[in-house]
Amino acid sequence: MSALADLARLRSNGHGVYGSGDRLFSYAIYGRDSVTAAETLLHLRPEVARDIILTLARLQGTVDAPIGSQSNEEERGKIHHEHRTLYVNGRRIPPASERLLRGLASKWGGDETSLTYYGSVDATPLFVRLVARYCATHGESILADGVTRRDGSQITLRESVLAAVDWITAKMNASALGLVEFQRRNPEGIPFQVWKDSNTSYIHRDGTLANSDAAIAAVEVQGYAYDALLGAARLFETRAAEWRDRALALRERVIRNLWMPAENYFAMGLDRDGGGRARWIDCIASNGALLLDTGMFDGLPAASQYVAGLVRRICSPDFITEA
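Under this note's numbering, think of the first position of the sequence shown as 542, with each following residue one higher.
In case anyone wonders, no lab produced these hints; they're calculated from the structure. The reader is advised that the hints may include incorrect statements.
Stated by the list, open to error - Pairwise CB distance ranges (calculated):
hint: 1; residue 1: L789; residue 2: A755; range: 24 to 32 Å
hint: 2; residue 1: E681; residue 2: D605; range: 37 to 45 Å
hint: 3; residue 1: E793; residue 2: D747; range: 24 to 32 Å
hint: 4; residue 1: A637; residue 2: L585; range: 48 to 56 Å
hint: 5; residue 1: G748; residue 2: D652; range: 36 to 44 Å
hint: 6; residue 1: L833; residue 2: E681; range: 41 to 49 Å
hint: 7; residue 1: R797; residue 2: D754; range: 22 to 30 Å
Computed from a predicted model, the values in this text were never measured in an experiment. Glycine residues also receive a C-beta, built at the ideal position from the N, C-alpha and C atoms.
Please take these sequences and the hints and turn them into a complete structure.
Given below as structure tokens:
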């Protein structure tokens with residue numbers, strides 16, 4: 542009952558859930574965190590999951606923002622990272638949250654009353670996967686639901702999902718590796734636009750930071766994109782063959798480019814060296830294990846090799862401590 546009470550406190554009025562009850566992260570609707578909450582509540586509270594899905598569609602990118610200072614890094618079809626407003630459910634947010642809103646807005650293209658920032662690469666494939674899972678559980682009628690977006694245009698959720706998948710495939714097309722990569726478009730934006738988004742989260746074994754001035758392919762994002770493509774293929778028959786082929790090709794690239802045979806484990810990702818050559822971000826981290834929560838290994842002939850390598854490492858003393 543305590544957990545349900547906490548959920549009720551964090552739920553907004555028709556706009557999904559706020560990221561936290563903490564003073565820094567309250568009054569913000571996060572894309573990635575909202576998807577995680579919705580997937581957890583998919584069977585228990587489907588109405589909350591539905592609110593979250595439609596909220597993410599409302600906040601979806603509609604234009605390609607200019608590259609440079611004060612850019613909010615918006616792109617057509619992209620799901621937002623962080624949304625803040627001065628008023629929540631008709632009440633002005635507390636002074637500490639207001640100061641945070643204004644500070645972030647000055648860097649990320651907002652104003653004194655609102656901010657919608659798009660600096661995350663994983664929210665979009667996670668959104669598509671969520672919609673596919675919702676439809677598999679509760680039916681596809683939600684795809685016909687309409688939303689009004691930030692620019693005033695109206696679309697159905699079906700169109701929103703198509704735009705999100707087009708964003709994913711465009712990222713793959715733009716990558717020399719055929720992967721879903723990120724690179725901030727604002728010099729003051731989040732450098733590592735993924736789950737681990739602190740300024741020091743992506744690090745090589747020698748202690749140097751990953752090169753955030755060039756494109757980075759995070760391993761777990763490829764798993765999310767794989768799930769998104771297959772999930773979308775189940776919803777849209779006319780493009781199913783194309784997306785299934787893309788998913789299988791993506792899986793092959795992940796195995797070829799991100800598996801470290803000597804470690805029997807996946808790299809955190811790929812960045813570029815000073816000469817622009819792709820290299821492993823070879824610090825042993827939990828990121829690779831997130832592939833276990835995707836369909837990446839389903840039906841793969843050598844799946845046991847990769848699954849066993851991941852499980853052995855994350856269940857070893859390297860990861861499991863007395864703390």
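Results for each hint:
1. L789 / A755: 24 to 32 Å: holds, 27 Å
2. E681 / D605: 37 to 45 Å: violated, 30 Å
3. E793 / D747: 24 to 32 Å: The hinted range 24 to 32 Å holds for E793 and D747, with Cβ atoms some 29 Å apart.
4. A637 / L585: 48 to 56 Å: Taking Cβ atoms as reference, A637 and L585 lie about 32 Å apart, which means the hint is violated.
5. G748 / D652: 36 to 44 Å: holds, 40 Å
6. L833 / E681: 41 to 49 Å: violated, 28 Å
7. R797 / D754: 22 to 30 Å: holds, 25 Å
Of the numbered hints stated above, those contradicted by the structure are hints 2, 4 and 6, listed in ascending order.
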